[in-house]
Amino acid sequence: MAIPLKYNFRSLFVRRVSTAMTVLSIALVVAVFVGVMALATGLEMALVTTGDPLNVLVRRRGSDSELSSFISREAFQAMRFLPGVQMNADGAPIASGEIVVVINLPKRGEQKGSNVTIRGVSPVGLALRPQLHIVEGRLFQPGLREVIVSRRISERFEHTSLGDRLRFGKGEWKVVGIFDAGNTAFDSEIWTDVNQLASDYHRESFSSVLLRATDEAAVKEIINRIENDRRYNLLAQPEVEYYEEQTKAAGPIKLLGMFIAIVMGIGACFAAMNTMYAAVTYRTREIATLRVLGFKRGSILLSFLTESLLLALIGGLIGCVLVLPIHGITTGTANWQTFSEIAFAFRITPELLLWGMSFAALMGLFGGIFPARQAARQSPAAALREG
Amino acid sequence: MSYPGFIWKNGMRNKRRTVLTVLSVSLAIFVLSTLLTLVHEIDRNLEESNPLRLVTRHAVSPTNMLPLRHRARIEQIPGVVAVTPFTWFGGIYIDEAHTDFAQFACDPRVLFDIYTEIRLPPEQRRAFIRERTAVIVGRRKAEEHGWTLGDRITLRGTVFPVDLELTIRGIFTGSVNDESSIFFHHEYFEQALKETMGWPAFTAMYWLRVDSISSVSRVSQAIDALFRNTDAPTKTETERAFQAEFFTMLGNLKTLVATLSGVILFTLLLVTMNTMAMSVRERTREIAIMKSLGFRRREVLALLIAEGLLMTLTGGLIGSLVARLIFTHFALVDIGRLTLNIFQRFEVTGEVIGLGLLASALVGLLSTVIPASRAARLTVADGLRHLG
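Residue numbers (the working numbering), protein chains in the order written: chain A, 1 to 387; chain B, 388 to 775.
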């Protein structure tokens, strides 16, 4: 017969100060783990969710990113009419030649600046990213020195509010709109008209070309044709894949989180073990009494293990609650591939919380198993004779 | 029995608990030492920058290039000792995994006047200057890649569409980027770009050295004023400011580390406080007996605090020394690879160890004071009545 759960709850409550301290230390370890992983998840999600499976991104072979790539207008024209490229309602190919440059902007409230990506696009380029929508103001007009800024960049950098004037290229540009790109990499960018940007930077070529294929098979077909064309020496890749490669920027943060979580987790295990050993020692007579009443060794073992798990899970729960407020806080880090800042938000997913709880359970299990075994092995006669 | 003996005996009365607590302290201090080293490495990189060195780049962005004609005009500014064009090449050596060093194109004739800390034997220096395709490499990277003088290396361009064939003519020592960069001729780089792509010559940056601290702000303002109204306006700042910007791009690393360290220390405090509370409670009757034997409250308190300190300091010592062994002595962790080559060196210094010990002492003190003073305050009669 199993010992009722109520017994464990009451036991934890009797030694409430000690219980509270152990619970809180487990809570903090779980909070640190979930917090750092939320940082890494936010960064990864900003990149992974970017791109459409039917989009093909073309850049110069050998270039790491769009920034160091260039594609001649001639090559762009040749690509537009490849078989498999989707046509829009007007019968024009859905292909966008884009220019990417980086400028240095001061961060709000700080002296220091950071690099921000500016993307020159055509109307087709906008149509290729339906997730981007204007939340304030309006779209830039082709031929005018106007830009739209992502909300995240606008929050973090000077001169990027609606109506502000930005200086880059040959002069000033007016911020006419703020956009939201649905947590994608474009949330770290400033967009403007590609032709205006080209003339400011004396660029005759594009940085990259984005094509929309008619279907999955056409994606492969287009990639093959572009890569086999020796005239241009270009690299074509599904857009999704390009952004996925950049998620390695999250690697070091993830590693730091894992490292801290595992080492501190072992430490918290020891703390739980201490608490549980003390609980077993204090209750030597109680355990003996339970045995005399007819509870089996197995029941005792299970009961103490449950108590330890309970301790850890309460800790885990508190840890998850403690860390929840950081969800959605915007921050930024360098994306070494594009040499510019990528803005993203801490992202706590249900999956992450589940990881945190499992982690807590693991701490409780390891912390409780040895003390529980000790409790189960006690000889009731000797224990009752003592003290 | 002597006081130290008494403390030791008490600490060892419940060996399992003491060992578990010492271990959890050492784990926490191990993590703390790692985090402190992270911050320390960033600071060290900034401190090693030369205050007389300035960096001039395009005012708009690091991807905008500067014309080479700027050089002669910068050289004429009084206070400027030497100027070199300076371009980060960013090529691939063999494959991405092997590309763990920064590659710079510069003018070898003035490089050593600007990077005065580079140590290179005179004959190697002459060989480097003489040969257009020569390259000098840092000692650390030469050892890691097994390079020797005369070896040829190829860099496949990613930022610039050109491959460079270089011959190693020198292996330098000195604190430049932890002896892990390589330097080659800017002229060779320009020529290669011109031959394969027909590009006009340019440079990403100018690095220069001025004659004294008092010239720093005057020269940087003079340079920027000189080019303000040209099509390539410049931004000039000290090497330190330039590098600080690089690290701020990583985000608020210091805030993150400070937050994490705070939480870790607090967790540690909870764990040790719990242990000490348990240990003191068990001894309530003993403490009463000690007092009845004539021990004063202060003595009892001191004995308990000493016991707590002994435990946390042992843990702290183990934690920080293990960190030093792992990261510094045996270099068991390839820190360059793990951090995408942001850090080349990861040294757990004496300062870091000292801070770790200080933190563990503080934790020991704080965690013992509350339970110990409560126990010491108890009257003899109450203490003896206590059911432990």
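I should point out that these hints are in silico values taken from the structure, not numbers from a laboratory. A couple of the hints might just be wrong.
As the list claims (entries may be wrong) - DSSO-like cross-link-like pairs, simulated, lysine-lysine; straight-line CA separation at most 30 Å: (1) K170/A with K622/B; (2) K107/A with K220/A; (3) K678/B with K402/B; (4) K174/A with K622/B; (5) K622/B with K581/B; (6) K112/A with K402/B; (7) K641/B with K112/A; (8) K248/A with K112/A; (9) K296/A with K254/A; (10) K641/B with K107/A; (11) K296/A with K6/A; (12) K112/A with K174/A; (13) K107/A with K622/B; (14) K170/A with K220/A; (15) K220/A with K174/A; (16) K107/A with K6/A; (17) K174/A with K107/A; (18) K641/B with K622/B; (19) K254/A with K402/B; (20) K402/B with K248/A; (21) K581/B with K170/A; (22) K254/A with K112/A; (23) K396/B with K622/B.
This one's a predicted model, so the numbers in the text were calculated from it and none came from an experiment.
How the hints compare with the structure:
no. : hint               : verdict
1   : K170/A with K622/B : holds (16 Å)
2   : K107/A with K220/A : violated (42 Å)
3   : K678/B with K402/B : holds (25 Å)
4   : K174/A with K622/B : holds (23 Å)
5   : K622/B with K581/B : holds (27 Å)
6   : K112/A with K402/B : violated (53 Å)
7   : K641/B with K112/A : holds (15 Å)
8   : K248/A with K112/A : holds (25 Å)
9   : K296/A with K254/A : violated (45 Å)
10  : K641/B with K107/A : holds (16 Å)
11  : K296/A with K6/A   : holds (18 Å)
12  : K112/A with K174/A : holds (23 Å)
13  : K107/A with K622/B : holds (17 Å)
14  : K170/A with K220/A : violated (40 Å)
15  : K220/A with K174/A : violated (40 Å)
16  : K107/A with K6/A   : violated (55 Å)
17  : K174/A with K107/A : holds (18 Å)
18  : K641/B with K622/B : holds (26 Å)
19  : K254/A with K402/B : violated (36 Å)
20  : K402/B with K248/A : violated (45 Å)
21  : K581/B with K170/A : holds (26 Å)
22  : K254/A with K112/A : holds (26 Å)
23  : K396/B with K622/B : violated (67 Å)
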